[in-house]
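Got two chains here, each in a separate frame; can you build the complex from them with the hints?
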Amino acid sequence: MNIDDKLALNLFHVDKDPHIRVDQEICRRCPHQLCTYVCPVENYTVDGDNNNVVFSWEGCLECGTCRIVCDQGAIAWDYPRGGCGVSYRF
Amino acid sequence: MEDTEKFDVIIVGAGPAGTTAAYVLAKAGLEVLLVERGSYPGAKNVFGGILYTPVLNRLIPNFWEEAPVERQIKGIKIFLISEKNAVSIGVESEEHNQPPYNNSFTVYRSKFDSWYAHKAQEAGAMLITNTIVDDLLWDGGKVVGVKARGEEGDVYADVVILADGVNSLLSKKAGLRKELKPRQVSLGMKEVIELPREVIEERFHLTGNEGIELKYMAGDATKGIWGGGNIYTNLETISVVTWMSVEPLMASRYKASELMEHFKEHPFVRNYIKGGKTIEYQAHLAPDGGYDFTPKYCANGLLITGDAARFLNASIHYEGTNFAMASGEAAAKAVIEAKKKGDYSEKGLCSYQKLLNESFVMKDLKRYRKLNRFAEANPEFFDGYFNAITQMAVDYFIVNELPKRQQEFRMLKSFRSNLRRCHANTPDERYRHNRVTRAFSRICPLIRFLWQCLKGGISFI
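Chains as they are written, first to last, in the numbering used here: chain A, 1 to 90; chain B, 1 to 461.
Hints in this document: simulated from the structure, not taken from any laboratory.
We treat Cβ as the ideally placed atom computed from N, Cα and C, and that holds for glycine.
Accuracy of the hints is not assured; some may be wrong.
[As the list claims (entries may be wrong)] Here are some of the chain A residues that sit facing chain B, going by a computed Cβ distance under 8 angstroms:
{"#": "1", "residue": "10"}
{"#": "2", "residue": "81"}
{"#": "3", "residue": "88"}
[To be verified] Here are the simulated lysine-lysine pairs, BS3-like style, with alpha carbons at most 27 angstroms apart:
{"#": "4", "chain 1": "B", "residue 1": "255", "chain 2": "B", "residue 2": "274"}
{"#": "5", "chain 1": "B", "residue 1": "147", "chain 2": "A", "residue 2": "16"}
{"#": "6", "chain 1": "B", "residue 1": "173", "chain 2": "A", "residue 2": "16"}
{"#": "7", "chain 1": "B", "residue 1": "366", "chain 2": "B", "residue 2": "215"}
{"#": "8", "chain 1": "B", "residue 1": "6", "chain 2": "B", "residue 2": "178"}
{"#": "9", "chain 1": "B", "residue 1": "27", "chain 2": "B", "residue 2": "339"}
Bound-form chain B, shown alone (with noise of 0.2 angstroms):
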């Protein structure tokens, strides 16, 4: 490459927000390079399993019927599950095996990361794999271009876009965000399963290309770390996810790959998996807590999207991808309003703050910042009390000679002295709680639970 060559825009990253922002920029005639270090788009991501498209099916109208998806999701099973009980909830719908399937697909991120920035190419764009960038080019207090290792070297462009993935080394260096902490993500492990398409379709209820979600929340399913499990249906696979918040993990003494397996033969799981064969083992950080740590995402010359400016709402809904197309399209529009104005400073890209505030991106990540404060501040949520919910479900269909209205007095009582239980006096509980507290939750533990219920759902649902 030509060292005097210099792009419009250079975007790091070749997953749904980079390409994303390649793709509305090359559609508007910029001159656009994607660099990726993968040796194909997608060689190097990871995400639980489902893909979110109201922005991908906004950008190119019925992209189902060309790229290449696996299962449609036209439901979701959600478990709360201790170590021998378990509750589930299921939402299902016909609606979502019609257009546009409720935005939510299966994928396997190898195909359909290459298919979306063969997209992007096919509009314009250049893109280059086997290729990392080091550094960025810093010409005064503006950004001017990349440094790529090897022989590709410093290639410049007006502006730079940041979607390099949660690590996101360029941002540290960039002196825009700090270093991350344990608690500000969370590690995700996946199992890729290959089953015979009919036997997962006879074991999860499915016909054609329809896909379902299971969602194990914390509980047993992480041993009580905050975290869960899940599994999604692909065509020929399952993809089999334990994911946990680092910091609590840490403190677990836990190993992180024996968590894994303890997920997958767990007797509420192992049944869905039985006879399967791993073809693939993964590993990815997702950012957590999003609102309150996000780094500064507009420089001058600079702007960072997706999971590096730590977009993902880690709540029930756990949405990463739209987040991330989301970002890189508001990205990509300010950089073309940038264009007309011939100002690439911080000011001139500040319509991407603009856009973002407008959208699902910062309303849904304000709505949800308290969340990882609420999993970190009250850890028997996701232990104790799944426990004590589950035991108290399976105690109201007991059968026995005892009049049913005993049996749910029998049954309130143990519920009772479970959540006294998850209340004992521990050094972490004394630590976190004052002594009227303390006090209050052995007399009336009940009031208790449903207060911490009442905000857990608040910053949860």
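Just chain A, same shape as in the assembly (with noise of 0.2 angstroms):
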């Protein structure tokens, strides 16, 4: 089972404003880019041609691995506005 389908399970109430911010510059030069591997919805993927770290937040369940994880200061972490974000039902 692949991670947008069980993404797709999910109920969300995605805010317009993104609650992460990423620093492309500064993942482009990251020695590691562990975010891409912890994550575990996958919301950090590497493009491969030029290594940029693309990133979307729709499916984020607001862990918080990847802010823990990061050491070079790209992500700006916040959680979402009162009532976004996932909602478990389970």
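Here is the structure:
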């Protein structure tokens, strides 16, 4: 089961503003790009051609792993607005 | 909300810690505001699967009669698995089908946390949802309220209790803790999988509302990363969980989401899940290595509880919800005492620390404090050793034409060589151990294995 199918099962109230901001310039020069491995919903992916980290925040489960793993200061992480983001039903 | 309105206590986060504090304080007649960022309590909350309830059952006796619980957990089955072999041990008791059901229940957090917060409301607490707190309000060196995002604005109180979960951005902003390090947290991923009730009961050998927990310790469940997998039975779903410490996960360069799939497809897991339909995917962090990393959890006008204060027993018991509730209750009691004295300074609230030290919270955190360091220093324990142990067990029961004594000799010989392989002369091994230890573990791998088991056992069990 791939991650997009899993995320399609969850209930999200997507805010219009992202709650995580990623500095692409820092990511391009990042030696490890570990966020692309640890994010449980694969919100960070490497664009192979130019080593860019592509980031989407809509499927974020707000776990905070990327915030802890990023030691380059590229991620500005906050919770989404009250009531927005994921709403677990179970 | 009026700017001038002032509460006795504001609690940030309506999880088990925050709601317990709210319930106890409201019962004592204090004016309490409970703030939750989700649309309802539980909307943002994830746990493995078992709610531990000794504290709850004391606060609300026989709560299971009205609370939305799924199954009472009558036992646990622990698996050590390698790629092809498995060893398991089960502990069950019929006694656990009687009240208080060993204080272990599976629940859906969305339902349970909502119910619990409703109990706090009934007791007189005020609950607001859909509201995120961005910062604390300070007056001099004392916390005097919270700054909510949006229309709620600034709200004032004598004391603020933080129960804002493992990421606790607020305690970081307050300067009470440093930024979390990867070695201080575990990442847990969970799938809720739907199966017909009869299938669950047949597959896990259950009747009525009985439930069971399957616990897979590290090994091939997490490809050797310090962590594990779990299956919990709910009434009409099962929760399948994989969790792993973030630092070794980073070092392994495996994708977290792929490890979850690896666990679900493992030969000793997939038969339990077979035919099920995933209906939700969750992920959350859990605090690891408790005692040595607890922040300053008591300040002027501020107390920190639950995961935010890293109160979680990350040993073989892996209990969190009861630590949250116990710390929430202790915080509430400390505030009640401070109100009597009219002193909300750090000194006035210090009975929180005393109550925690006297309870199982601090005693257990202290007892298992070495576990995190052990896991970090001995990665072979969760990978190679598990392979060797399960292989030995399989070899013991192998059927062939050899006399048993000869087969046992062969088993020990292969066990020894498997251990030796774990102690192989890798760069990592050279980094972690000096020349004498390495030479010794090549000559007597069994002695080192037993010594490690002893050390690991003491820190883990």
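Hint numbers not upheld by this structure, sorted from lowest to highest: 8
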